[in-house]
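Chemist: Residue numbers (our numbering), protein chains in the order written: chain U, 1 to 486; chain P, 487 to 780; chain L, 781 to 1065.
Calculated from the structure, these hints are not laboratory results. One thing to keep in mind: the hints can contain errors.
[Stated by the list, open to error] Simulated crosslink set (DMTMM-like; lysine to aspartate or glutamate; CA at most 20 Å straight-line):
#	chain 1	residue 1	chain 2	residue 2
1	U	372	P	736
2	U	46	U	67
3	U	381	P	657
4	L	881	U	61
5	U	457	P	662
6	L	842	U	278
7	L	842	P	740
8	P	495	U	433
9	U	336	P	513
10	U	322	P	736
11	P	495	L	841
12	P	495	U	279
13	U	95	L	856
14	U	336	P	500
15	U	45	U	61
16	U	372	P	740
17	U	95	L	880
18	U	46	U	83
19	U	322	P	513
20	U	322	P	740
21	U	72	U	326
22	L	842	P	500
23	U	95	L	841
24	U	263	U	237
25	U	95	L	1056
26	U	457	P	500
27	P	495	U	92
28	U	434	L	1056
29	L	862	U	414
30	U	79	U	61
31	U	346	U	459
32	U	434	P	513
33	L	842	U	67
34	P	574	P	611
35	P	685	P	707
36	U	87	L	859
37	U	381	U	433
38	U	336	P	611
39	U	72	U	32
40	U	322	P	707
These numbers were taken from a predicted model, which means no experiment stands behind them.
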Amino acid sequence: MAKKSTSMDQTTWNYAPSPESTSHVSIAKKYELFINNEWVAPSTKKYFPTTNPATEGVLAEIAWANDADVDKAVKAARKAYKEVWSKLSGAERGKYIFRIARMMQERSRELAVIESMDCGKPIRESRDVDVPLACNHFFYYAGWADKLAYAIPHKKPEALGVAGQIIPWNFPLLMAAWKIAPALAAGNTVVLKPAETTSLTALKLAEIIKDAGLPPGVVNIVTGHGDTGAAIVNHPDVDKIAFTGSTNVGKIIQRAVAGTHKKTTLELGGKSANIIFDDAPIDQAVEGIVNGIFFNQGHVCCAGSRLFVQENIADTVIRKLKARMESLYVGDPLDKNTDIGAINSKEQLDTINRYIKIGKEEGAEIYQSNCKLPTTGYFCKPTLFTGVSQSHVIAQEEIFGPVLTIQTFRTIDEVIQKANNSPYGLAAGVWTDKGSRIFNLTTKLRAGVVWANTYNKFDPVSPFGGYKESGFGREGGVHGLSAYLK
Amino acid sequence: MLSNVRIDKVGVEERVARFQTRSIKNEAKRQGLDMVLSMIDLTTLEGKDTPGKVQQMCYKAQHLHDLHPGLPNVAAVCVYPTMVSTAKRALEHSSIKVASVATAFPSGQSTSAIKLSDTKFAVEEGADEIDMVISRGKFLAGEYTFVFDEIAAIKEVCGKARLKVILETGELSTLDNVRTASDIAMHAGADFIKTSTGKIQPAATMQVTYTMLMAIRDFYDNTGKMVGMKPAGGISTAKLALHNLVMVKEILGDPWLSNEWFRFGASSLANDVLMQIMKTETGLYQSADYFSID
Amino acid sequence: MEILKTYKIYIGGAFPRTESGRYYPIHNHKGEVLANLCLSSRKDVRNAVVAARKAQGSWAEKTANNRGQILYRMAEMLDGRKAQFTEELIKQGANKSNAEKEVQAATDCLIYYAGWADKYQQIASSVNPVSSSHFNFSALEPMGVIGVVAPQSSSLLGLVTMTIPAICGGNTVVVAASEQLPLCSITFAEVVHSSDVPGGVVNILTGKTSELAPALAAHMDVNALIAEPLGELQKPIALSCVENLKRHYTYQKPIDQGLQFITDLQEVKTTWHPIEQIGGATSSY
Chain U
1 MAKKSTSMDQ
11 TTWNYAPSPE
21 STSHVSIAKK
31 YELFINNEWV
41 APSTKKYFPT
51 TNPATEGVLA
61 EIAWANDADV
71 DKAVKAARKA
81 YKEVWSKLSG
91 AERGKYIFRI
101 ARMMQERSRE
111 LAVIESMDCG
121 KPIRESRDVD
131 VPLACNHFFY
141 YAGWADKLAY
151 AIPHKKPEAL
161 GVAGQIIPWN
171 FPLLMAAWKI
181 APALAAGNTV
191 VLKPAETTSL
201 TALKLAEIIK
211 DAGLPPGVVN
221 IVTGHGDTGA
231 AIVNHPDVDK
241 IAFTGSTNVG
251 KIIQRAVAGT
261 HKKTTLELGG
271 KSANIIFDDA
281 PIDQAVEGIV
291 NGIFFNQGHV
301 CCAGSRLFVQ
311 ENIADTVIRK
321 LKARMESLYV
331 GDPLDKNTDI
341 GAINSKEQLD
351 TINRYIKIGK
361 EEGAEIYQSN
371 CKLPTTGYFC
381 KPTLFTGVSQ
391 SHVIAQEEIF
401 GPVLTIQTFR
411 TIDEVIQKAN
421 NSPYGLAAGV
431 WTDKGSRIFN
441 LTTKLRAGVV
451 WANTYNKFDP
461 VSPFGGYKES
471 GFGREGGVHG
481 LSAYLK
Chain P
487 MLSNVRIDKV
497 GVEERVARFQ
507 TRSIKNEAKR
517 QGLDMVLSMI
527 DLTTLEGKDT
537 PGKVQQMCYK
547 AQHLHDLHPG
557 LPNVAAVCVY
567 PTMVSTAKRA
577 LEHSSIKVAS
587 VATAFPSGQS
597 TSAIKLSDTK
607 FAVEEGADEI
617 DMVISRGKFL
627 AGEYTFVFDE
637 IAAIKEVCGK
647 ARLKVILETG
657 ELSTLDNVRT
667 ASDIAMHAGA
677 DFIKTSTGKI
687 QPAATMQVTY
697 TMLMAIRDFY
707 DNTGKMVGMK
717 PAGGISTAKL
727 ALHNLVMVKE
737 ILGDPWLSNE
747 WFRFGASSLA
757 NDVLMQIMKT
767 ETGLYQSADY
777 FSID
Chain L
781 MEILKTYKIY
791 IGGAFPRTES
801 GRYYPIHNHK
811 GEVLANLCLS
821 SRKDVRNAVV
831 AARKAQGSWA
841 EKTANNRGQI
851 LYRMAEMLDG
861 RKAQFTEELI
871 KQGANKSNAE
881 KEVQAATDCL
891 IYYAGWADKY
901 QQIASSVNPV
911 SSSHFNFSAL
921 EPMGVIGVVA
931 PQSSSLLGLV
941 TMTIPAICGG
951 NTVVVAASEQ
961 LPLCSITFAE
971 VVHSSDVPGG
981 VVNILTGKTS
991 ELAPALAAHM
1001 DVNALIAEPL
1011 GELQKPIALS
1021 CVENLKRHYT
1031 YQKPIDQGLQ
1041 FITDLQEVKT
1051 TWHPIEQIGG
1061 ATSSY
């Protein structure tokens, strides 16, 4: 019953829950391995559960592939490469990949819902960012399949053969797209292992691949844990390893293939600097900070996790940032109003909390928003630390969560040196109104991606990858093809 | 006083897009719709206005949809100075306010003397609120002091009437200009800053409203003084109105969610809101046939 | 009883008749009338150019990805109607096998260029290492409104091969269809019309090449003209193009597909912006 409101009433207006419907979504109780377009039981008959990090409930049982299963998959990929895929024209390969892209578009809402349930990210991100980018990635690379001669001029482009691909849990479907699409366009076949906490959207993609009529064995999805990944890396008949994940595991992989014929590309961790100058558009810079570190709960390799703010505007920026944080809703990933979802796993939440503890012990000053966290599930409040300096551990090590460190700087020179003063070099952000300053920074920052007056923008045509220990190789654009061609 | 605030338009567009994906459902939607109704300035500002037209609109203002009792009233009606006395008579038993445009509305292209006497007339006729226009030509020519002084002078003449300052953002064209004009208006004494006259496009886009709400936020943080905001023109659907309220809530906070600090300048919005309210009550999508137009 | 199709022209997303009211018949090899086609006039050309100009700004401003998806949608629509196109080609004298090949080739051409939409810019643009402290880059921009004189000897594939690279690159087109084999051009307009292509991006006129080509060549608001060799018309057309310095390309048949057909209809824009050098920090370790 409505109340006549007068101008003297003090209103409180809270958003009601707005849950995304899950009734149209189908998740099987148990998933097998996807080899040769068939669902094959793991040879050990072992399965492991995948859980919803917001509810801690089990979503499905996932097959655990061992060395023998990986061998089966690689053999299937090799056979498909030799007998079918390498014999098709580029135009024919392209048509298959276009089909996959179009079918993903048709099923986009289901994919987004499952991604949020399995990964923890808010539905507004999986629906508006992850899934559209993943579909477009396939659409983009489909068009390269018959144009490889333009991609690498004066060289007859040849596929490498069988690509082994290992992807992380932070953008499960998108990372699958980033890996599979260019590999197929370049004429390779694929054995892909999704992360153990987020297998579901890769398995739904397998369903789409089968429905698209892709020849059997061209794409194989083998689920499992780190041992499954190791089996792929160590398999002698894999020509190429593509890995996205932590720097530590990247180094393990690089050591494992040293001395072999296998080519690698690695997309690893980061501790990217987000730099605000005093002539920046401040309110938009504050949005850029929020997008940089709280997007996807901070589970982003290129997250702007080190904020550098010019000292003469630091108070203003920090005040506005804190106010902005209060309007970030942390909660059920399937609620359309949620801005920050669940942390992907208990392990990761423990890691984040460990760093928060370190930050406090190191003497940095912590601030967290006043949001109420749900009582079940793995959640972390958006957090920032002020009074941070270059030598703090929290300013050096990748936390991979919604935790921002804030340092002040005085001159351009100083901030360039501090931004570069890291073993990482994945991305950087620059906020200023002066165009010539932007180009000065982009020239001197040692990072594979520099965002000027924006942050965390991705596009299939835009090459992405890091300097130094953030990895090597680029994904996206024409540059993304060379990783998969001889 | 003139802030050096720089605004990146693309960044604003992205921020606004986030507001547009807020999902307002169930009890939040019903509460929001009631708030929207209570914030409407029902408006008629046409060359062909007559006392009859104004009387009919004032009746509608008090009887939005009598089939459903208990709905809030609109905040005010908005008319030309020559129609103020008609409106006051028609609304004499109601708490709905009478707002009058003034200062050679809509163009503002006249002498200061005429604009002052235009305002005085409206105030003497009994207007509770004055919606003035700034001199856009002077603004674009860089004569900010002139613009400031003009607003301050009109404010003085308003007496007890609350002053809304119309920036006519469609003519200012950049968000930087909208910000500068907002700051000038607030420092010169505006009680409300308002986007548009409703006579040109674009009028109250979300980008412009966002920019003005942020200006109000900074002004409040710096001076402690609350200023109201009124988007006018182009908000014809309940959905858009709710997105605007989302912005008010998340930028300024719940204290601004009342018709003392936020208004919608609209003519056809009310009926769309009423249709949405009836949908929340009955579960059925509505037809315009069932809601009086006046 | 077959409901015979009325072949109207395609301008601004609508199917009007020629404003001149004139027609000409097309016959099959037995001398039977297949259809009456619009004998389009200079005024139809004028109207089409107006529509093309109106649509060009927003077509070019669509994202490259969006244009690619629209071209792919055209392939979906064309493939769905392949029986209709095959039959029309056979009516106009092709044998079944060649007709089927031609329709397949036209679909493949659409898919080929759908794949170029978001790629040609990366291949053909450059960052130029100038000797002053400036960021200098060259990028492609569509020329604008393109006049297309479709090949005479092909009812479908020729028109598609010439038109699609132009619109892939953000241009809009006014097409003079093959004079004696015009049927598929109008059915193709229906494919365009059902594929999310905004009105005015593709405009197709049927009629006498000797009337339509000169009208396109003389129009001051057409930015480029592409055609096969035009025989007796070649030199007069070339001279006519000079009036507004139309870019005039003559393609030898059979017309191929490739990046060049996109870039031929693009201008190159080079932009400079200063790079300030402050302090001693460099990008080296």
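Chemist: Confirm or reject each hint.
Modeler: Quick rundown of the hints versus the structure:
With a C-alpha separation of about 17 Å, the suggested pair residue 372 (chain U) and residue 736 (chain P) falls inside the 20 Å cut-off, and the hint holds. Using a Cα cut-off of 20 Å, the hinted pair residue 46 (chain U) and residue 67 (chain U) holds, with the two alpha carbons roughly 13 Å apart. For the given pair, residue 381 (chain U) sits about 43 Å from residue 657 (chain P) by alpha-carbon distance, which is inconsistent with the 20 Å threshold. A distance of roughly 49 Å separates the Cα atoms of residue 881 (chain L) and residue 61 (chain U); the hinted pair therefore is violated under the 20 Å criterion.
Between residue 457 (chain U) and residue 662 (chain P), the direct Cα distance comes to roughly 24 Å. Violation of the 20 Å bound is thereby established for this hinted pair. Proximity of residue 842 (chain L) to residue 278 (chain U) is assessed by CA-CA distance (about 34 Å); at most 20 Å being required, the pair is judged violated. With a C-alpha separation of about 39 Å, the suggested pairing of residue 842 (chain L) with residue 740 (chain P) is violated against the 20 Å cut-off. Distance check on the hinted pair: residue 495 (chain P) and residue 433 (chain U) sit about 12 Å apart at the alpha-carbon level, within 20 Å; holds.
Only pairs whose Cα atoms come within 20 Å are accepted, and residue 336 (chain U) paired with residue 513 (chain P) is accepted, the gap being roughly 16 Å. Only pairs whose Cα atoms come within 20 Å are accepted, and residue 322 (chain U) paired with residue 736 (chain P) is accepted, the gap being roughly 13 Å. Between the alpha carbons of residue 495 (chain P) and residue 841 (chain L) the distance comes to roughly 17 Å, so the proposed pair stays at or under 20 Å and holds. Pair hint residue 495 (chain P) plus residue 279 (chain U) holds up; C-alpha atoms about 15 Å apart against a cutoff of 20 Å.
With a CA separation close to 11 Å, the supplied pair residue 95 (chain U) and residue 856 (chain L) stays within the 20 Å bound. The suggested pairing of residue 336 (chain U) with residue 500 (chain P) holds, with an alpha-carbon distance near 17 Å, which does not exceed 20 Å. Taking the CA atoms of residue 45 (chain U) and residue 61 (chain U), the gap is near 11 Å; set against the 20 Å cutoff, the hint holds. At most 20 Å may separate the alpha-carbon atoms for a hinted pair to count; residue 372 (chain U) and residue 740 (chain P) meet this at roughly 18 Å.
Between residue 95 (chain U) and residue 880 (chain L) the alpha-carbon distance is near 18 Å, which keeps this suggested pair within the 20 Å criterion. For the hint linking residue 46 (chain U) to residue 83 (chain U), the alpha-carbon distance of about 32 Å lies beyond 20 Å, and the restraint is violated. Proximity of residue 322 (chain U) to residue 513 (chain P) is assessed by CA-CA distance (about 29 Å); at most 20 Å being required, the pair is judged violated. Of the pairs offered as hints, the one joining residue 322 (chain U) and residue 740 (chain P) holds, with about 17 Å between alpha carbons and a cut-off of 20 Å not exceeded.
Restraint check for residue 72 (chain U) and residue 326 (chain U): the C-alpha separation of about 52 Å exceeds 20 Å, so the hint is violated. For the given pair, residue 842 (chain L) sits about 18 Å from residue 500 (chain P) by alpha-carbon distance, which is consistent with the 20 Å threshold. For the given pair, residue 95 (chain U) sits about 27 Å from residue 841 (chain L) by alpha-carbon distance, which is inconsistent with the 20 Å threshold. Under the criterion of a C-alpha separation no larger than 20 Å, the hint pairing residue 263 (chain U) with residue 237 (chain U) is consistent with the structure, at around 12 Å.
The hinted pair formed by residue 95 (chain U) and residue 1056 (chain L) fails the criterion: a straight-line CA distance of about 47 Å is larger than 20 Å. Restraint check for residue 457 (chain U) and residue 500 (chain P): satisfied, since their Cα atoms lie roughly 11 Å apart, inside the 20 Å limit. Under the criterion of a C-alpha separation no larger than 20 Å, the hint pairing residue 495 (chain P) with residue 92 (chain U) is inconsistent with the structure, at around 43 Å. Note on residue 434 (chain U) and residue 1056 (chain L): the hinted pairing holds, with a Cα-Cα distance of about 10 Å set against a maximum of 20 Å.
Between the alpha carbons of residue 862 (chain L) and residue 414 (chain U) the distance comes to roughly 65 Å, so the proposed pair goes past 20 Å and is violated. With a C-alpha separation of about 29 Å, the suggested pairing of residue 79 (chain U) with residue 61 (chain U) is violated against the 20 Å cut-off. Proximity of residue 346 (chain U) to residue 459 (chain U) is assessed by CA-CA distance (about 31 Å); at most 20 Å being required, the pair is judged violated. A threshold of 20 Å between alpha carbons decides the hint, and for residue 434 (chain U) with residue 513 (chain P) the separation of about 47 Å lies outside it, so the pair is violated.
Under the criterion of a C-alpha separation no larger than 20 Å, the hint pairing residue 842 (chain L) with residue 67 (chain U) is inconsistent with the structure, at around 48 Å. Distance restraint check for residue 574 (chain P) and residue 611 (chain P): the Cα-Cα separation of roughly 8 Å lies within the 20 Å cut-off, and the hinted pair is therefore satisfied. Between residue 685 (chain P) and residue 707 (chain P), the direct Cα distance comes to roughly 33 Å. Violation of the 20 Å bound is thereby established for this hinted pair. For the hint linking residue 87 (chain U) to residue 859 (chain L), the alpha-carbon distance of about 24 Å lies beyond 20 Å, and the restraint is violated.
Note on residue 381 (chain U) and residue 433 (chain U): the hinted pairing is violated, with a Cα-Cα distance of about 32 Å set against a maximum of 20 Å. With a CA separation close to 49 Å, the supplied pair residue 336 (chain U) and residue 611 (chain P) exceeds the 20 Å bound. At roughly 14 Å between alpha-carbon atoms, residue 72 (chain U) and residue 32 (chain U) fall within 20 Å of each other, so this suggested pair holds. A threshold of 20 Å between alpha carbons decides the hint, and for residue 322 (chain U) with residue 707 (chain P) the separation of about 13 Å falls inside it, so the pair holds.
The structure fails to meet hints 3, 4, 5, 6, 7, 18, 19, 21, 23, 25, 27, 29, 30, 31, 32, 33, 35, 36, 37, 38 from the earlier list, while all remaining hints are met.
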